[in-house]
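Asker: Make the full structure from the sequences, and use the hints.
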Amino acid sequence: MAAEQLKNELKELDFQKPETIKSKDLDQLIIQMVQHIGSTDPVLRDKLIYSSFYHLTKDGYLNHQQMEYLIQTCLDQNHLFIGIGSMNEDSVFTRAFSTLVIALILDRDREERFLSEEMALKAIESSILYLQKEEDTRGYVEDKGWAHSVAHGADLLAEAIKHPLFDLALASECLTTVGSCILKDTAYIDEEDERLIYAVIALLEKGMDENLLKEWIVNLSNNVTEIKNTTGYTPYYFRMNTNLNQFIKSLYFRLLFLNIGLQTRQEIEHILKPQVLA
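Using my numbering, you'd call the opening residue of the sequence shown number 1172 and step up by one each time.
No lab work stands behind these hints, which were simulated from the structure alone.
Keep in mind the model is a prediction, meaning the values are calculated, not measured.
Worth double-checking, as some hints may not be accurate.
Claimed, not checked - Here are the simulated DSSO-like pairs of lysine-lysine, each with C-alpha atoms no more than 27 Å apart in a straight line:
#, residue 1, residue 2
1, 1399, 1385
2, 1333, 1229
3, 1218, 1178
4, 1399, 1444
5, 1377, 1229
6, 1315, 1182
7, 1355, 1229
8, 1218, 1229
9, 1229, 1178
10, 1229, 1193
11, 1195, 1218
12, 1188, 1218
Unchecked claim - Simulated restraints on C-beta separations:
#, residue 1, residue 2, range
13, 1407, 1259, 17 to 25 Å
14, 1222, 1440, 34 to 42 Å
15, 1293, 1174, 26 to 34 Å
16, 1400, 1447, 19 to 27 Å
17, 1429, 1389, 14 to 22 Å
Using N, Cα and C, we set each Cβ at its ideal position, and we do this for glycine too.
Answerer: Structure, rendered in structure tokens:
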């Protein structure tokens, strides 16, 4: 199915009128949607394909077999990991929007448990691996719309952590992965820090020891200080320091509003105070 034909097909879907959905051949429709999931047309990719996947999944239109097909396909080397490690290439759209579909299905599986244990564990492991390997950190791309790979990857990681099969022994690796995103050579401007925090909060809600979080924050801060000591006041240092400060400030208030993480909040105050009073 050509892109324009798919566009018209998706525009006909009216989720306020279930009969317009049930009359469609959803098996064929989702195959076509996956084939065009990385389209550089932001209307098709974001407004139509992702939005339709959201409603089809959340509102119960897809059966277990269809969702199994989707997660298996989106996890493969032609979707979640296509072109992984590249920068400024259009493959980022396929990767970033595959993460969102996987997250939707993990959310459904958390309630209904229809995925095989092998598939669920693969999705959990892939959620960590994806953020470790993603190097294209662009948020909004002119004329092509949102890539937002780090934010979308963080959404997937948060859903993976919430899943019943997530092993808390992976908590340290998850924090290290989030830290590697914060210390990438880019200054985030599209609220990536907020989305990464979802994964951290999910770990705490899963039962992670707060000491692990506090020690991780200290190590992150020390890493940025080491960058300054090694490279001086370079653009790289300023980007890392900006990312770190944005992240820990956002984390501080999230923890405060949830009334959790007192030790971590105190550590964040200790890190930020010299900069504020300088």
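Asker: Does residue 1229 lie within 27 Å of residue 1355 when you go C-alpha to C-alpha?
Answerer: 33 Å, violated
Asker: Is the hinted pair residue 1333 and residue 1229 satisfied, with a Cα-Cα distance of at most 27 Å?
Answerer: Answer holds: residue 1333 to residue 1229 is near 17 Å, not above 27 Å.
Asker: Given the hinted pair residue 1399 and residue 1385, is their Cα-Cα distance within 27 Å?
Answerer: 22 Å, holds
Asker: Taking only the CA atoms, is the gap from residue 1315 to residue 1182 under or equal to 27 Å?
Answerer: The given pair, whose Cα atoms are some 19 Å apart, holds under the 27 Å limit.
Asker: Is residue 1399 close enough to residue 1444, meaning Cα to Cα at most 27 Å?
Answerer: 18 Å, holds
Asker: Falls inside 34 to 42 Å, the C-beta gap from residue 1222 to residue 1440?
Answerer: Holds, at about 41 Å.
Asker: Check the hint pairing residue 1218 with residue 1178 against an upper bound of 27 Å on the C-alpha distance.
Answerer: 10 Å, holds
Asker: Does the hinted range 26 to 34 Å hold for residue 1293 and residue 1174 at CB?
Answerer: Hint holds: Cβ distance 30 Å, inside 26 to 34 Å.
Asker: Is residue 1218 within 27 Å of residue 1229, Cα to Cα?
Answerer: Between residue 1218 and residue 1229 the Cα gap is close to 16 Å, so the pair holds against 27 Å.
Asker: With respect to the beta-carbon atoms only, verify the hint that residue 1429 and residue 1389 lie 14 to 22 Å apart.
Answerer: 21 Å, holds
Asker: Quick one, are residue 1229 and residue 1178 close enough, alpha carbons at most 27 Å?
Answerer: 21 Å, holds
Asker: Please check whether residue 1407 and residue 1259 have a Cβ separation lying inside 17 to 25 Å.
Answerer: 18 Å, holds
Checked against the numbered hints given earlier, this structure breaks only hint 7.
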